[in-house]
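Enquirer: Chain residues, written in single-letter form:
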Amino acid sequence: MLQAIADGFMSGAIIALGAIGLTLTMGILRFANFAHAELVTAGAYIALAVLWLTGAFMGPIGPFSFGIPMLLAMVVAMAGTSVLALTIDHLVFRRLRDRSGHMTLVFGSFGVSLVVRMIILLIFGGAATYYSNELQIAMRVVPGLRIMPDQLFVLGLTVVIVVALHFFLQRTRLGLSMRALAENPELTRVNGVDTNRVIRWTWIIGASLATIAGVFYGLTIQLRPEIGFHLILPLFAAAILGGTGNVIGAVIGGLIVGMAESLSVLFIPAGYKLAVPFLILLLVLYLKPTGLFSGSAGGAK
Amino acid sequence: MSEVLLRVTDLVAGYRPDLPILHGINLHVGAGEMVTIVGPNGAGKSTLIKAVAGLLTITGGHVEAMGHDITKVPTEKLGEAGIAYVPQVANVFTTLTIDENLRLGAAALDRPLAARRIEEAYQRFPALKSHRNHKARALSGGQRQMLAFARSLLCAPRLLMLDEPSAGLSPLIVQEVFTELRALMKSGLTILMVEQNVKAALAISDRTYVFAEGQNRIDGTSEELTQNQEIRAIYFGNAGAGNSASGDS
Ligand SMILES: Nc1ncnc2c1ncn2[C@@H]1O[C@H](COP(=O)(O)OP(=O)(O)OP(=O)(O)O)[C@@H](O)[C@H]1O
Ligand SMILES: [Mg+2]
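Here the protein sequences come in this chain order: A and B.
Taking the numbering used here, I'd label the letters of the first sequence as residues 1 to 301.
Taking the numbering used here, I'd label the letters of the second sequence as residues 1 to 249.
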């Protein structure tokens with residue numbers, strides 16, 4: 001039970017990071033981007049490629065399974081995934097935004113997600129891999145609860161990122177512009193804000209957070225080309241649970257989804273675990289389609 | 001006449017390139033004037049203001065402001081061209097606080113100047129200052145309009161374009177809004193305003209354009225128009241004829 005809660009927290013943190021980017025792009029660009037989860041996979045694999053190219057010259061830091069190269073690889077992958085997201089927006093979404101309706105964008109994002117997944121499959125193959133072959137020794141925190149140092153790192157960094165992002169949205173001009181754009185694009189332009197620039201930053205932030213989620217997934221679980229595919233439903237469930245555009249909502253939504261997935265295996269066969277986010281999604285859409293925290297303060301909306 | 005701040009020539013524009021709503025509008029606004037646009041619902045009054053603001057597809061004619069061609073200037077550069085625009089509906093961000101609304105309106109200025117202008121705005125509209133950390137959705141209709149004015153003045157415009165600032169307000173509040181507009185005029189601002197209420201428009205403005213079906217049909221000084229038989233017949237003659245002006249003229 002305790003272990004299941006801890007595991008739920010872990011996967012919840014990863015889902016939360018992905019869902020923040022999804023909720024921001026949904027709120028600001030006004031379409032459900034099914035390709036967002038593929039940015040998680042892309043980020044994870046770009047980091048892997050960087051790691052291969054630079055070689056693991058330096059050993060791990062302290063109790064963690066990774067060292068400086070891994071962190072550098074993550075930063076490079078954040079930049080790489082941002083470039084990928086901006087390129088996709090430039091080639092596909094921007095054109096569709098200018099000319100066609102909402103559903104066209106949604107279907108376009110389906111297409112993009114397939115293309116990205118297949119490219120990753122082509123380059124890296126379908127087998128599961130790991131960033132490092134170091135075996136980590138789990139720490140026994142209390143009887144019945146074992147946590148790996150990497151997991152603590154992931155949790156800690158997630159908290160830091162969420163706090164920083166909240167501060168960014170509340171205090172900076174760019175964050176203010178993003179919140180304004182989510183409410184009323186035309187009025188935002190009338191206020192003298194270059195909305196294309198704000199949209200570019202939205203992609204960069206979303207793609208960077210997706211990369212971090214992907215690297216964390218790879219660190220604590222494994223790397224597979226289907227990471228994104230398996231994350232689509234949890235990400236949407238978390239984002240919609242939290243209310244579109246609401247960053248703090250997405251984080252709480254992510255934790256709820258991760259926790260529900262993890263606890264569900266105590267009651268139902270593990271094979272049905274993947275259906276849990278789907279159920280949550282259906283429940284939210286049925287009971288409170290605007291999300292749990294609609295109308296509350298904080299976040300992008 | 002003195003300097004012309006805005007000149008619209010043979011303007012053809014609409015929401016889609018293949019479906020123009022404005023069919024050749026001509027108008028001008030001189031420095032220091034208050035000019036109103038009146039006309040029935042759907043005449044294209046808001047469309048004209050939006051086209052000048054760079055929000056629509058312009059397929060013919062051009063727009064000049066302070067002597068520069070701004071036909072193709074994007075909306076976000078409007079402030080730099082010396083023009084501010086307050087839309088007809090949704091003219092404040094309801095999910096942002098009053099302070100955030102003003103900070104956003106000043107985001108194109110460098111920080112010290114932005115801070116100074118926001119402070120000036122609070123001096124002019126003290127009611128906003130006392131609510132500065134409240135969400136704008138909590139404001140009354142009149143207060144929202146004041147916030148929209150305050151925001152639009154942050155970039156120190158020479159020309160202010162207002163789309164029905166009196167819409168949905170009680171008569172008493174409308175008087176307050178108009179008093180504020182006169183004060184703005186006194187401080188040197190030029191105003192182009194859409195106004196539903198023809199009597200009020202003629203009473204407050206120097207000149208008036210009457211729009212119908214995407215064209216400006218009649219114009220003149222507000223005094224002339226008050227005497228104009230056609231206008232009298234349409235707007236002052238038979239009761240409740242305010243929205244039957246489309247069609248023949
Ligand atoms: N967003 C839009 N997309 C397409 N057509 C529009 C849009 N907004 C307005 N129109 C059309 O443009 C025409 C002119 O509308 P406009 O809003 O300019 O009228 P108006 O004179 O401002 O009327 P009102 O007094 O009701 O505000 C109308 O036929 C309207 O249906
Ligand atoms: Mg209108």
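Derived by calculation from the structure, the hints in this document are not laboratory data.
Treat the hints loosely; a few may be bogus.
[To be verified] Capping the alpha-carbon separation at 16 Å, the derived lysine to aspartate or glutamate pairs in EDC-like fashion look like this:
#1 B:K77 with B:E64
#2 B:K199 with B:E164
#3 B:K135 with B:D99
#4 B:K129 with B:E164
#5 B:K186 with B:E164
#6 B:K77 with A:D194
#7 B:K135 with A:E186
#8 B:K77 with A:E186
#9 B:K199 with B:E223
Enquirer: All hints are to be evaluated individually against the structure, with a verdict given for each.
Expert: For each hint, the structure was consulted:
{"no.": "1", "hint": "B:K77 with B:E64", "in the structure": "holds (14 Å)"}
{"no.": "2", "hint": "B:K199 with B:E164", "in the structure": "holds (14 Å)"}
{"no.": "3", "hint": "B:K135 with B:D99", "in the structure": "holds (9 Å)"}
{"no.": "4", "hint": "B:K129 with B:E164", "in the structure": "violated (25 Å)"}
{"no.": "5", "hint": "B:K186 with B:E164", "in the structure": "violated (20 Å)"}
{"no.": "6", "hint": "B:K77 with A:D194", "in the structure": "holds (9 Å)"}
{"no.": "7", "hint": "B:K135 with A:E186", "in the structure": "violated (20 Å)"}
{"no.": "8", "hint": "B:K77 with A:E186", "in the structure": "holds (13 Å)"}
{"no.": "9", "hint": "B:K199 with B:E223", "in the structure": "holds (11 Å)"}
Hints 4, 5, 7, counting from the list given before, are not met by this structure.
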